[in-house]
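Chains as they are written, first to last, in my numbering: chain A, 1 to 658; chain B, 1 to 273; chain C, 1 to 355.
No wet-lab data here; the hints were simulated from the structure. Keep in mind it's a predicted model, so treat the numbers as computed, not measured. One or more hints might be untrue.
Unchecked claim - Some but not every residue of chain C turned toward chain A, in silico, with C-beta under 8 angstroms: (1) ALA52; (2) LEU54; (3) ARG56; (4) SER58; (5) PRO74; (6) GLY75; (7) MET81; (8) PHE83; (9) ASN85; (10) ALA87; (11) TYR89; (12) PRO90; (13) HIS91; (14) ILE100; (15) TYR132; (16) GLY138.
Stated by the list, open to error - Simulated crosslink set (SDA-like; lysine to any residue; CA at most 25 angstroms straight-line): (17) LYS414(A) - PRO119(B); (18) LYS552(A) - GLU155(C); (19) LYS328(A) - ALA342(A); (20) LYS237(A) - GLY392(A); (21) LYS93(C) - ARG565(A); (22) LYS552(A) - LYS3(B); (23) LYS125(B) - LEU82(A); (24) LYS3(B) - HIS173(A); (25) LYS93(C) - MET647(A); (26) LYS552(A) - GLN84(C); (27) LYS414(A) - ARG430(A); (28) LYS414(A) - LEU116(B); (29) LYS58(B) - PHE494(A); (30) LYS58(B) - VAL32(A); (31) LYS601(A) - PHE200(B); (32) LYS305(C) - MET287(C); (33) LYS255(A) - HIS173(A); (34) LYS89(B) - PHE142(B); (35) LYS45(B) - PHE494(A); (36) LYS552(A) - ILE112(C); (37) LYS179(C) - GLY31(C).
Where is the CB? At the ideal position from N, CA and C, for every residue including glycine.
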Amino acid sequence: MRKVLVNVSLALLLLSITSSILLSPSPIKAEVLRMIGPEDVGGAWAEVIKRFHERHPDIQVKYISGPWSTDERQNMYIRSFLSGDPIELVYMDVTWTAKFADAGWLLPLDRWFTPEMQEEFLPGAVEAGRYKGHIYRVPVRGDVGMLYYRKDLVPSPPRTWREFEEICERSSHPPDLYCIVFQGMQYEGLVCDFLEYLWGAGGEVIDTEGKVVLDSPQGLEALKFMRKLIERGWAPKAVLSFQEQHSLSAFSQGKAIFMRNWPYAWTILNREDSPLRGKVGIVPFIHKEGYESVGTLGGWGLGIARGVKDPEKAWRFIEFATSVEAQKILHFRRGAVPSRKALFLDPEILEVSPHYKDLYDIVMRARARPPHPDYPRISDTLQKHVSAVLAGVESPQQALKVMARSIEGTLKGKKKNYLKRLSLDYDLKRTLKNTLVFTSISVPLEFLLGLLIALLLNAQFRGRWFVRLSVLIPWALPTAVMAMSWQWMFNNPFGVINDLLLRIGLLERPLDWLSSPSGAMFAAVFADLWKTTPFVVIILLAGLQTIPQELKESISIDGAGPLRRFFHLTFPLLLPFVRVALIFRVIHAAGIFDLIWVLTKGGPADSTRTLCIYIYEVAFRYDELGYAIFLTVLFLFALIGVSFLIMRLTTLGYERAR
Amino acid sequence: MRKAAFFFLGILIVLYCLFPFLWTVITAIKPPEEVFSLPIRYLPKRLSVENFVEVFYKRPFSRYVINSLVVATGGTILTLALASLVAFKLRYMPVQRALMLQRWLLVGAIVPPTLLVIPVFVAIKALGLINNPLGLILSYCFLNLPFGIWMLYAAFSRIPKELDEAAMIDGLWWGGILLRVILPLARAALAVSAALIFIFCWNEFLIALTLMPDQLRYTVPVGISMLSGASIYEIPWGQINAAVTITTVPVILIVALLQRWIVEGLTAGAVKG
Amino acid sequence: MAKVVLNRVNKTFMGGRVIALKDVTLEIPHGRFVTVLGPSGCGKSTLLRVVAGLERPSSGQIYIGDRMVNEVPPGKRNVAMVFQNYALYPHMKVFENIAISLRLRGFLASEIRGKVSEVAEMLGIEGLLDRYPRQLSGGQQQRVALARALVREPEVFLLDEPLSNLDAQIREQTRSELKRLFKDLGATVIYVTHDQAEAMSMSDIVVVMEAGEVRQVGEPDTIYRDPRHRFVAEFVGMQRINILEGDLKNGNFVSIDESVLIPLPTSHEGRVSLGIRPEAIHIGKGMGVDLIAEVTHIEPLGPNKTIFVKIGANELKVLVRADFEAQIGDTLNVTFSPEDIYLFDAKSGKRIYVK
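Next comes chain A alone, as it looks inside the complex (with noise of 0.2 angstroms):
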C-alpha cells in the first residue's frame, strides 16, 4: 500500500514540475517587442526607443545586443524562428529578405507599407525587402560600399583599377603606409566587396534567367585583381581577418591610403578627436576601365515576424523607427545613411555632412546582391572561394571553377532527391577531405604523445600524482571555452605563442596562425591534441598497469632489452586498451565541432571546416534538415563501420581462441 501511495504522488510531482515548467511564460515575453542588432554604439537606439516610448507608453519595446558579425545575428533569428519563440522585430540585412520571406517567417506588410509610402525611401532599398511581389521590409538605413581615401595624400582620387594601380605604385610602402585596407574575413563582409570588383568589370553571378554565369572572363579578372592587391603588398596579409571595425581601426592609425567600407566610417573619422578628421574624401568604388563604377547595396531595414500576436503594435514601431526623426537620430548619432530620399537634401543633415550630396549619387547606383532564398550557401561559397584566392590557397581559376560548380550544385541539387545530391554536393567532398587530414593527423600524434607519457607515468618517480593531475585538467576543461584561449594564444600580435617562438628562435617573424589555411589547421590539431592527450595516457596507463609484472621479468631473462621488451610484449598487450582509445578517439575526432566552430568557425577560406559543421550549418544555416539527417545517418554507417575495422584489426589471435 505504501509502495503505492508513493509511486503515485512521485508521479503527481513530476507531472505537476514539467507542467508548470511547459505551461509557465517565459519570462521576457509578454508584450515585449525585441529586436536584435549590433552594439548600440552612440546610444542611438536607445534614443530612438525611448522617444517612441514616451508617445507609446502602452507599446515595450527592448534592444538586444548581438555579435558583430551580421551572420551570428542572423543565425540567432533563424533559430528564434525555428525555435518557435520568433523574435518579433526582424532587423535584418538586405540579403535576409528572400530566405526569410521564402521560409514563411516573415508578415506581409503590404497592407500598411503603401506603395506611396515606398516612394520616399530609396527604390533600391525598397528593392530589397521585396519578395516574390510581397514587402516584407521598411529600410531603416541605406548603405552603400565605396571608397574612401586620404585626401592629404592623393590630391584626386583614382576611378579605374588602373589609376588605383599606378596610385599604389608611387605612393604605398608597406608596411608602414598600406595601399588599401578592406574587409577580407571569410564572411558576408567579402562578399560586398568581391561584387564591387566584379561587377565592376562586367561580371555576374547568375543572370536574368537564373544560370550560373560567374566562370567568365570578367569574372577571373576580378578575382586576379584582388589577389594582386594582396601580391604585391598593396593590402596586408592581415586583412584576411578584417571585418569593417578592424579595417576602420587601420585606416584611422594611418596606416593605408585608401579604405573600402560603408558611410559609418566618414561620421566616426570626422569626430572631434579623430586624428583624421578632415583628411577623408570619399568616391564611388572604382571600376575597370570601360565598366561602370558600381556599390553592392547594403543596409537594413526592420520586418515583422509571423506569429508575433500583435503585428499593429510591432507596425507602430517599424513607422516610427522609419521616420524622418528617427533617421536623423541614427544618423546624427551613429553616422547611418538615411533610407529616405529627402534626408539626402536636408539642411541639417548637409551641415554635419557635406558629403552627403555625393553619397546621394552613389547611393541611387547601388545594386543588391542575388535575391534568392538560398542566397546564404551561395554567398557561403563565395565566401569561401573569395577569401582562399585571397589567401593564395587557391588559384582565381580554380575559384571561379569550384564557385560556379558548388552555387550550381545547390541550386540544382536542391530539386533531387538526396542520394543524388550526395553526387552533386560540392562542398561535403571538401569537408571530408578537412575533416580526413584533420583525424589523420591529430589521432596518430595523440597515440604518440599519449603512448609516451603512459609509460613515463607508469614509473615511479617523486610528484608522480601532481603530473597525474596535471594529466587529467585539459580533459576535463570544457572545450568550447579553451578554444576562446587557444584563439587568444594563437592571435597576432597578442597572442603568446608567437612570442614564445620567437623567443626560442624557431620562428623568425610572427605567424597569423589563424589567417592562413595550414596555420589554422595546425592550431585546430594542436588545440585538440592538447585537449584529448589525457584521455588516451589514461587508458593506456590502465592498460600498461595490467601487465604482469613477472611477463615483464621474464622477457627480460629471456634476453630482450627494454626496446624489443616494449615490441614483443608491453605493446601487444597493451593492443586491447589501444582499440578502444583508438575508437573513441577516431570517432571524437571526426565528428569534431565545438573546438573549430569557435576557434576558426570552419575557415579560413574553409580549409578548417569539418563535416559535422557541414551538417550543423545544413541543417540550421540553410534550413534543410532532412539533408543534414541523411548525412547524419550515412555518417553514422561510416563510423560504425570504422569502428569494426578497427576492432579487426587490433584483435590478436589469442583473445579470440577459446
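For this one, chain A is given, so just place chains B and C on it according to the hints.
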C-alpha cells in the same frame, strides 16, 4: 640519475598541460591596458579584478552561470536517478544478457553529440521545450544515460545479492532496498559518476547552442563564445579570459578532489571494454 | 652448467628498512639440485631474483661460473627462470612462448624449430604447440614454462615454487619427474620452496633460510639429523619437533617449570631449548631418558597416531603406531635416547653440541 630525468620530464608534461589555463588566468588578472601591451608581459605589473567586474557588468554573465548550474545540476540528478533504476533492474538479469546490453550501451556512449544534435533538436522542439532548461536537462540525461548506467551497474554488481535478500526478509520493498542498501554502498561510484556527468553538462556546447537560442538562456560556454566586439575596435580579450577563468575553476576543483576515483572509474571501464 | 657463488650478499629495500638478505655467502656446485627452503618472507625468492639479475644486491658479489655478474643484465646472464605463476605470454602461441628466447638471440628459424620440438617431446607437449596459454590446463602451462626454460640450455636453472599452484596429486608425480629430468641433464638448479617435504625429496643440497640469513647448508639427511640451528630443526621434519624450554645447570637440563630433569654430559650453562622429535620418542622405559606423562589429546594419522602428552607445563608429541591403545587422561611412560636430543641456545638458536 634516472629519477632526475623522469622528474624533469614530469615537469615538462605538467607545463604542457597547465600552461593554457595558467595563461588565461594571468591575462584575466591583468588590468585591461596591460592585456594588450606589447611586448607581452608574463607577469602582470599589477593585479586587477577589472576584467571580472566588466564581465559580470557588461553582459548577463551571472545569468549564464545560473543557467549552467541549473542545467548541469538538473541533468546530473535526473541522469543518476534514472540510471540507478535501470542499473538496479539490470542486476537481476542473467549476467550474459546484462553484459550484452552493456555493450550496446557502450555504443551509445561513444556516439558524439554532434551526430545526435539534429534528432535531439527535432524531438525537443516537438515537445515544445526549446529555450526551456528542461529541454536541455532531458537531452543531457539522454546523452549521459548509457555512461551512468554503465558505471552504476559495475558498482551495483559488486554488491552481493544476499544483502538484497536479507533486506527483503527484513521487509523492505524494492525502492527501499535501492535507497537504503544499494545506493549507500555504491557511494563512491555515485560520486564519481555525478562529478563526470556534471562536468560534461557544464562543458557541453553544441546542444546548448542549438536548444537555447535566446540570449538570456545561454549556458556559460555558449555565452563566452558569443562575447564579441564591445567596441568597434577590439574584442574584449581581458573579459573573455576572465570569463574563461570563472568557468574553468570549478571544473578544476572537482577534478583535483576526485582525481583518483575518476582515473579508477575510467580505468575500470577500459578494462571491461 | 656452471656453479653459482654468492659472496656476502646483502639486499635491503625501502631505504634500508626491510632487510631481505643478510650477509649471505653460498656456493652452489655445478650440476647439483639445490633447494632454498624457508617460510614466506625469509628471503629465498629475493635470493633467486638476485641471481637472476632482477634485483641488484645492496652489497656483495654474485658469480655465475667464473664471471662476476653484478653488472650483467638478466638477459645476458644465461640463466633460465620458471616463475610461480608460469609467466606465459598470453598473446603468443605455445610454440612462440618457447621459441622467443631463441628468437631474441638470433637463432635461425630452422634451428629454432628443431630445438623447440625436441624440448616439447621431452615434456610431452608436442601436441599443444599451436594453442594459446589460456587454452591450457594448469599442469600443461607448467610444462610449457619448463620447456621455455629448457630450450635455453642455460648455465643455471632457477625455479620459484613451481609446484605450489598444482593440485596435490599432480604435485607428487611432477616432483619425481622434475628430479629425474634435471638429473638426466646434469643441470645446476636453484629451486625455491616453502614445502620441506619437497625440498627433502628432490634436492642434492638444501639451504635453509630464515629472516634473510642462511641457517644451514647441507644434504637433506644431514639437515634432518644434524640441524645446526633451532629453526632448521623446527622447519624440517615430518612433524614439528618438540621443544622444551629450560636451563642447563650443573650438567642437567631443567625445564622452566622444573618438571623435567635430564642429566646431560655438558659443561655449558644457560637458557636453552631442548628439541626431541616425535618419532624419536617411544612408549615404555629404558632408552636413556625416562619420563612419565599424561595423555591430553590423540590425533589419528593413517598408519600412525600422534599422541599429545603433558609433563608439568610442557607438552610433547609422540608418534606411535595406529594400533597403540590410549585414552585421554592415561598416564604413560615415555622414553627416548639422549643421543636424539638437540640442544639450542635459547637466544641465538645455535646448536649446542654435547660431548
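Hints versus structure:
The restraint placing ALA52(C) at the interface with chain A holds, with a minimum CB-CB distance near 6 angstroms, inside the 8 angstroms limit. Restraint check, LEU54(C) versus chain A: the minimum CB separation of about 5 angstroms is within 8 angstroms; hint holds. Among the interface hints, the one on ARG56(C) is violated; its C-beta lies about 13 angstroms from the nearest C-beta in chain A, farther than the 8 angstroms criterion. Hint status for SER58(C): violated, given a least beta-carbon distance of 18 angstroms to chain A, over 8 angstroms.
Using the Cβ-Cβ criterion of 8 angstroms, the hint placing PRO74(C) at the interface with chain A is satisfied: the shortest such distance is roughly 5 angstroms. Because the beta carbon of GLY75(C) sits about 4 angstroms from the nearest beta carbon in chain A, less than 8 angstroms, this interface hint is met. For MET81(C), the suggested interface contact is upheld, since its CB lies about 5 angstroms from the closest CB of chain A, less than 8 angstroms. Of the supplied interface hints, the one on PHE83(C) holds, with its beta-carbon coming within about 5 angstroms of a beta-carbon of chain A, less than 8 angstroms.
At its closest, the beta carbon of ASN85(C) sits 6 angstroms from a beta carbon of chain A; the interface hint therefore holds under the 8 angstroms criterion. Given hint, ALA87(C) at the interface with chain A, holds; its Cβ is 4 angstroms from that chain's nearest Cβ, closer than 8 angstroms. For TYR89(C), the interface hint holds, the least distance from its beta-carbon to any beta-carbon of chain A being 6 angstroms, beneath 8 angstroms. For PRO90(C), the interface hint holds, the least distance from its beta-carbon to any beta-carbon of chain A being 6 angstroms, beneath 8 angstroms.
Interface hint status for HIS91(C): upheld, as the beta-carbon distance to the closest one in chain A is roughly 4 angstroms, under 8 angstroms. For ILE100(C), the interface hint holds, since its Cβ comes within 8 angstroms of a Cβ in chain A; the closest pair sits about 6 angstroms apart. At about 4 angstroms, the closest approach between the beta carbon of TYR132(C) and any beta carbon in chain A falls short of 8 angstroms, and the interface hint on this residue holds. Hint on GLY138(C) is violated. Least Cβ distance to chain A is approximately 16 angstroms, over the 8 angstroms limit.
For the given pair, LYS414(A) sits about 22 angstroms from PRO119(B) by alpha-carbon distance, which is consistent with the 25 angstroms threshold. Only pairs whose Cα atoms come within 25 angstroms are accepted, and LYS552(A) paired with GLU155(C) is accepted, the gap being roughly 21 angstroms. Restraint check for LYS328(A) and ALA342(A): satisfied, since their Cα atoms lie roughly 11 angstroms apart, inside the 25 angstroms limit. Restraint check for LYS237(A) and GLY392(A): satisfied, since their Cα atoms lie roughly 10 angstroms apart, inside the 25 angstroms limit.
Annotation: proposed proximity of LYS93(C) to ARG565(A) holds, straight-line Cα distance about 17 angstroms (limit 25 angstroms). Proposed proximity of LYS552(A) and LYS3(B) is supported: the alpha carbons are some 20 angstroms apart, at most 25 angstroms. Note on LYS125(B) and LEU82(A): the hinted pairing holds, with a Cα-Cα distance of about 8 angstroms set against a maximum of 25 angstroms. About 57 angstroms separates the Cα atoms of LYS3(B) and HIS173(A), which puts this hinted pair outside 25 angstroms; it is violated.
Annotation: proposed proximity of LYS93(C) to MET647(A) holds, straight-line Cα distance about 21 angstroms (limit 25 angstroms). With a C-alpha separation of about 14 angstroms, the suggested pair LYS552(A) and GLN84(C) falls inside the 25 angstroms cut-off, and the hint holds. Restraint check for LYS414(A) and ARG430(A): satisfied, since their Cα atoms lie roughly 19 angstroms apart, inside the 25 angstroms limit. Taken as a hint, the LYS414(A) and LEU116(B) pair is honoured in the structure, with Cα atoms around 24 angstroms apart against an allowance of 25 angstroms.
Straight-line distance between C-alpha atoms of LYS58(B) and PHE494(A) comes to about 23 angstroms, which keeps the hinted pair within the 25 angstroms bound. Taking the CA atoms of LYS58(B) and VAL32(A), the gap is about 22 angstroms. The hint holds against a cut of 25 angstroms. At most 25 angstroms may separate the alpha-carbon atoms for a hinted pair to count; LYS601(A) and PHE200(B) meet this at roughly 22 angstroms. Pair hint LYS305(C) plus MET287(C) holds up; C-alpha atoms about 21 angstroms apart against a cutoff of 25 angstroms.
Distance restraint check for LYS255(A) and HIS173(A): the Cα-Cα separation of roughly 10 angstroms lies within the 25 angstroms cut-off, and the hinted pair is therefore satisfied. The suggested pairing of LYS89(B) with PHE142(B) holds, with an alpha-carbon distance near 18 angstroms, which does not exceed 25 angstroms. With a CA separation close to 17 angstroms, the supplied pair LYS45(B) and PHE494(A) stays within the 25 angstroms bound. Between LYS552(A) and ILE112(C) the CA atoms are separated by roughly 22 angstroms; this keeps the pair inside 25 angstroms, and the hint holds.
About 12 angstroms separates the Cα atoms of LYS179(C) and GLY31(C), which keeps this hinted pair within 25 angstroms; it holds.
In summary, the numbered hints that this structure violates are 3, 4, 16 and 24.
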